[in-house]
Amino acid sequence: MKISNAFIFCFLIFSLSAANAKAQSAISLSTGISSDINNSNSFYQIPLALIWKPFKDKKSPVFLEFDYDFPLGSKSTGEAFTLNPGLPQKIILQEKIMPYDFTFSFGFRIHLFTSKRNNAFYLNVVPLAICNQNIKISYKNYDTKNYEVLNPDVNTNETGFVMSMAPVYYFHIRKSDMLLMLHLQTPLLKEKRDYELSYKYMAPMQLTFGYNFYYNK
Amino acid sequence: MKKETKNIIALFCCLSILFVSCNKRKFFPDPDDPGLSRLTSRGYDIVTMYINNVPYINSYQKPIFGGINNTLPIITKKITNSAFDTLRISWQIEINNTSAGYNQSYNSISLLLPISKSFSSHDFLAMNGKRFPTDSNAIAVNYFYNYPDTLIGKSNIYFINIKYNSSGNNSNSTYSLSGLFNGNIGDSILITKGRFDFEINADQIQF
Chain X
8 MKISNAFIFC FLIFSLSAAN AKAQSAISLS TGISSDINNS NSFYQIPLAL
58 IWKPFKDKKS PVFLEFDYDF PLGSKSTGEA FTLNPGLPQK IILQEKIMPY
108 DFTFSFGFRI HLFTSKRNNA FYLNVVPLAI CNQNIKISYK NYDTKNYEVL
158 NPDVNTNETG FVMSMAPVYY FHIRKSDMLL MLHLQTPLLK EKRDYELSYK
208 YMAPMQLTFG YNFYYNK
Chain G
95 MKKETKNIIA LFCCLSILFV SCNKRKFFPD PDDPGLSRLT SRGYDIVTMY
145 INNVPYINSY QKPIFGGINN TLPIITKKIT NSAFDTLRIS WQIEINNTSA
195 GYNQSYNSIS LLLPISKSFS SHDFLAMNGK RFPTDSNAIA VNYFYNYPDT
245 LIGKSNIYFI NIKYNSSGNN SNSTYSLSGL FNGNIGDSIL ITKGRFDFEI
295 NADQIQF
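Protein chains in written order, with the working numbering: chain X, 8 to 224; chain G, 95 to 301.
Simulated from the structure, these hints should not be mistaken for laboratory data. All of these numbers come straight from a predicted model, not from anything done at the bench. Note that CB positions come from ideal geometry on N, CA and C, so glycine has one too. No incorrect hints appear here.
Derived pair list, reagent style DMTMM-like, types lysine to aspartate or glutamate, alpha-carbon separation capped at 20 Å:
#, chain 1, residue 1, chain 2, residue 2
1, X, K152, G, D127
2, X, K147, X, E86
3, X, K143, G, D126
4, X, K147, G, D127
5, X, K103, G, D124
6, X, K147, G, D126
7, G, K120, X, D160
Per label pair, the in silico range of CB-to-CB distance:
#, chain 1, residue 1, chain 2, residue 2, range
8, G, S215, X, Y51, 45 to 51 Å
9, G, Y258, X, F109, 41 to 47 Å
10, X, N48, G, S261, 28 to 34 Å
11, X, G93, G, S267, 37 to 43 Å
12, G, I168, X, S83, 33 to 39 Å
13, X, G80, G, I162, 36 to 42 Å
Using the sequences plus the hints, can you model the full thing?
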């Protein structure tokens, strides 16, 4: 089964089960900062996390999560060489890396504790999610006519399965329901690339802060 | 079991074996130069170039089992009667876009560098990072029907990386070899954007 088909299948199953539930539902929207922990030259991103929890019942703690990471841009260097005797035989080029990351997760949450003020700690667990990692590469002032970059990085658009977990703290400020979440995700669970790049599959670690909205109360 | 069922199982097994052996050859397309592989130094065993703007690549071997192997260069020291001998690095090549239907196809290319009579593997390693301009080197291409090295012209060669990878056991030691080249044979044959990346066993280099 193709990954896109698996995605649609999971979404439909979940949507149907959610539609049958007559209970309070919640949507969380949060943002913050994300750092890739699988690469030495870490990629920083602005994450946007949307969590949909359709069930009020604590015995049905499933949720859907959509994460999109907007790149802040990362810099690296590349060596370029030329045969042209009138030019320096080797130069260093500045490389710009723009990593985009989208993850669709279907998971469940484990209740850890609730304080007297009704603040709660949960652990969100996603045994398997689908992730698309799209990385765009450009070399600044690259003279493609005269120079060749050695072992160049190239644009990649790769999709695969990932696992993730996130401790989430739900709390209240005045009348607002807030959350603070530390989201940890594995790199893509797939074989190494045929062509070696200077970066590996991303494993974003997101620290986000946002609002929790209830509906169907 | 019926005979038809046995035949179907046998056919399935054959197709499975064929499928397992159908790997892609190593070739990493360069978006800036259609038909050429990227410049690499990772031992991918690829040489690509344009000959009169037609993309060429080293040919490959496809055993029944075990995937596809790009052919390796033949590196020899050619002894001559002059003051210098010649280092000859040759590849079997083929057009990398067979759909184009070109009339004339070259089947090998050689880089020819003058070297001293006492040239050794130590001198070979000393070429690492050096660029050799057209006044000293030659380049040769061959058809199936012409004598070797009769179509000879001038070339630029740049050995970006030559490295000896020792494993302690000479039979497993290798040389890594990558670089750039271009050249021309008169006004009629123009070789551009040549790039190579190989890892070959040390015992295949006899100097």
